[in-house]
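Residue numbers (the UniProt record's numbering), protein chains in the order written: chain A, 1 to 491; chain B, 1 to 491.
Any given hint might turn out to be false.
[Stated by the list, open to error] What follows is a list of derived Cβ distance ranges for each label pair:
{"#": "1", "chain 1": "A", "residue 1": "Leu211", "chain 2": "B", "residue 2": "Gly355", "range": "52 to 60 Å"}
{"#": "2", "chain 1": "B", "residue 1": "Lys110", "chain 2": "A", "residue 2": "Gln186", "range": "42 to 50 Å"}
{"#": "3", "chain 1": "A", "residue 1": "Pro465", "chain 2": "B", "residue 2": "Leu114", "range": "22 to 30 Å"}
{"#": "4", "chain 1": "A", "residue 1": "Pro91", "chain 2": "B", "residue 2": "Asn280", "range": "39 to 47 Å"}
Calculated from the structure, these hints are not laboratory results.
The beta carbon of each residue, even a glycine, is placed where N, CA and C say it ideally should be.
Number of protein chains: 2
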Amino acid sequence: MTTSDLEHLISKRAAARYSSHFSQNTAPAHIKAHPEPLSLGGGMPHYGFFPVESIAVHLTDAPFSDKKLETLKADSKSKNPVIIPKVTDRPDDIIDLKNGLQYSYIQGLKPLLLFLKEFVQKVYPPAYNDWEVVLNNGAGNGLNKVCDLFLDPGDVVLVEEFTFTPFLQSVENCGGIPIPIKLDFQGKGLDYNHLKYELENWEILHPGLPLPKFLYTIPTGQNPTGLTQPLELRKKIYKLAEKFDFGILEDDPYGYLTLPPYKDVKSGKFDVDAPVTVDNFVKELAPSYLTIDTSKRVVRVETFSKVFAPGLRLGYIIANKSFIKAINNYSNISTRSPSGPSQFLVNNVIQHLGGIDGWLEWIIKVRREYIIRRNVMLDALYASDAYKKNLITVIDPDAGMFITVVINYDKSKYTPAEYKQLTSKNLFYKTIENGVAVVHGPNMAFDNLADEHCNFVRLTIASPPDHATITEATNRFTKSVEELFEEIEKT
Amino acid sequence: MTTSDLEHLISKRAAARYSSHFSQNTAPAHIKAHPEPLSLGGGMPHYGFFPVESIAVHLTDAPFSDKKLETLKADSKSKNPVIIPKVTDRPDDIIDLKNGLQYSYIQGLKPLLLFLKEFVQKVYPPAYNDWEVVLNNGAGNGLNKVCDLFLDPGDVVLVEEFTFTPFLQSVENCGGIPIPIKLDFQGKGLDYNHLKYELENWEILHPGLPLPKFLYTIPTGQNPTGLTQPLELRKKIYKLAEKFDFGILEDDPYGYLTLPPYKDVKSGKFDVDAPVTVDNFVKELAPSYLTIDTSKRVVRVETFSKVFAPGLRLGYIIANKSFIKAINNYSNISTRSPSGPSQFLVNNVIQHLGGIDGWLEWIIKVRREYIIRRNVMLDALYASDAYKKNLITVIDPDAGMFITVVINYDKSKYTPAEYKQLTSKNLFYKTIENGVAVVHGPNMAFDNLADEHCNFVRLTIASPPDHATITEATNRFTKSVEELFEEIEKT
């Protein structure tokens, strides 16, 4: 175990960057600075040039609250509009228009960074002290920046066999080489034994390739499978990371959407309408890899997309200081700072809700809706003939917005290539006819290695407008499966 | 002249990218699609999950309008808040929260793109038809994306000897090699003769280097010099670009801030309070290189930073279709789409102001304030002893937010290295003591080639809060120059 910042894992490209092209002029001690200096330096338009005087943000009480704005009571604290003034008298908490619409810090605006530092410390405290947090332009941008951080051409990154495949383009863009690691569908995500086997036999299995620079994992509510790694598994994977000296990129967009088991909700053991305390909610979250990160090798990528809104294009990264510095140097030439309006919208709404606790209370409301929706979809799946005839196996997700349904082809009758085709072609046509869009397993697959498992589809509970639509769309899907099997049996 | 999209100028890196990793499944003709399909596909949270119900944006009448919000009359159209609803009934014009807070198109949201297409067509119509526009995360991000578009390692880019130096980091990041071209301080920006000489003697002057891939120029209100290239000069430079087959990156953050000559404003020949029609304003803008771009080699980078607000991190790029496609493929892995809140703020405010004409009317008001400020600063400069004693030469800018002041060192007494030192050290100390921050010429310089010209400072009229502060700060600056010369003469 080391207490360094693992600078040797930083790519040569990232390490070669520096923070600013402008020379830093400083005056020697004998020069007595004027007590009230004025600036004719940087080309920042004074906020008097901005066309906006103030912004009022009207909030909803809860997801899918259908109350019209005019019916809201003026005395309901959380419903009054959040006013974003041109200049605030609470600059430590509130991002005003003066700062929010101005050129600003690469790493993000201070009130939001301060909030995030406290939030991280409360919700998943890293196992070391001098970690840092930086805002970015959403998780997709965050993942790209982490690829840039680690990967020189020819470097290797380990990825889950089914994953958020757009990530692979960022790997390719850095000249990186992705190598897939199996998922354990019956277990809880990443297949530890396969990972260990790969690493211990690296030179034989991947002759000429260097050992991996980092592992990319979605450990909680994995996309697309919905699986969540238990803490014990994370500890074992982390030990491998230390032994073979690679970083861990923890992508966790779904972590706050923890879903209690379907049967517990059905039986009333878990009451969706019972109040949930913030502390209990936090306690039940799957622990981030950061909480066991004694050797500073974890980079956590977060996003406001799933619990606030995706269009913000706002997320954040937590990592050790050296990694964050390298990321900032990349931001400096690529994105610069994230959108000010996105930052003041998120920050000031969170402050209005009451800071950390108020924000977690909103997240609990979002999670409640996902629990209900998950049960609505599972109700429909379990009630279907497709399920009763064992044509499908349903994976009850631990977290997130996806339900994976495995299509039970007779594997003795078909080759992997054949049932891959059955899913992405024959079943696809049935869903077109029946009018339901789903994501077919092969589209989320890394590679051919995945073929033996790619007989599944991913269904989302996030996008339908209401519960009836979830039921109707799920019925269309199971009907498609039933028709597919009728067709298969005929031939 | 060619009518192709000059794909051969696209870097190998950019050309190798593709638009999506997801396989594009399509159904054959005999599959009859359901008339009302539902989606369980993409993981987009329904807008019912967003915590914001609506947003009201309160505008100001004009820059630095000090009217308080509560004094505004409800019947004043442009002062009523701009309401951004959850769902609009005018989706062609208005970006609502349903779309503005959702995952969205890489190139930007449709209402704003439509506006920009019309705006470009009216204000600086390109010389060919099938140009495209794409939104990005501010001009800094735009410049970085254009470097990626053109530059493979070892490729050459021409830059002005004094320039927006952060650009050079984006060049380096692509492995590009910047080569400086002189500015003609007595003329109107880029030194045509030097450019021509460099190109015609390329192999002798730069043995082993390939001919340049593109020229980076700030043709209007050049940063830092404030110089503006006349149309005739642009045409001559464009001819060289065609002859030597390179692209032109036109960076134009200041183009709308056209400044009539100081003396015309002083004499009343130009009346800052006289109404300016939108058509006259447009007619007097320096014409973009796009307007003469018959061979599709110009990439124009624009920003909302100077005429709306920098914190938006929102700008746009205009170029031919092939270039835009390559830029989109890069955005797809790096930034994704720009911030939705930034987009709906800009779009809906512009629509509220009345579209193109209303937006240009706002810009005219911004420009008016810059004209007044420019005159306030020149008043102070011309009234100074430093000016009267010929210690400084003032460049009256044609556009923008900067005034360049040349420090008239006795060039027979000092080497370029010495007066570079006098500016960035001795004068710098004087400004620290007198309490005024300025940008010293050497900080904006590309390189040693610039030394013979770097005896200047850049003053901005953008950031001071009011006119009195401009005067006071300018006086502190001229006092610093006077003290410097007293010191020089003593030694």
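How the hints compare with the structure:
no.	hint	in the structure
1	Leu211/A - Gly355/B: 52 to 60 Å	58 Å, holds
2	Lys110/B - Gln186/A: 42 to 50 Å	45 Å, holds
3	Pro465/A - Leu114/B: 22 to 30 Å	27 Å, holds
4	Pro91/A - Asn280/B: 39 to 47 Å	42 Å, holds
Of the hints listed earlier, there is not a single one the structure fails to meet.
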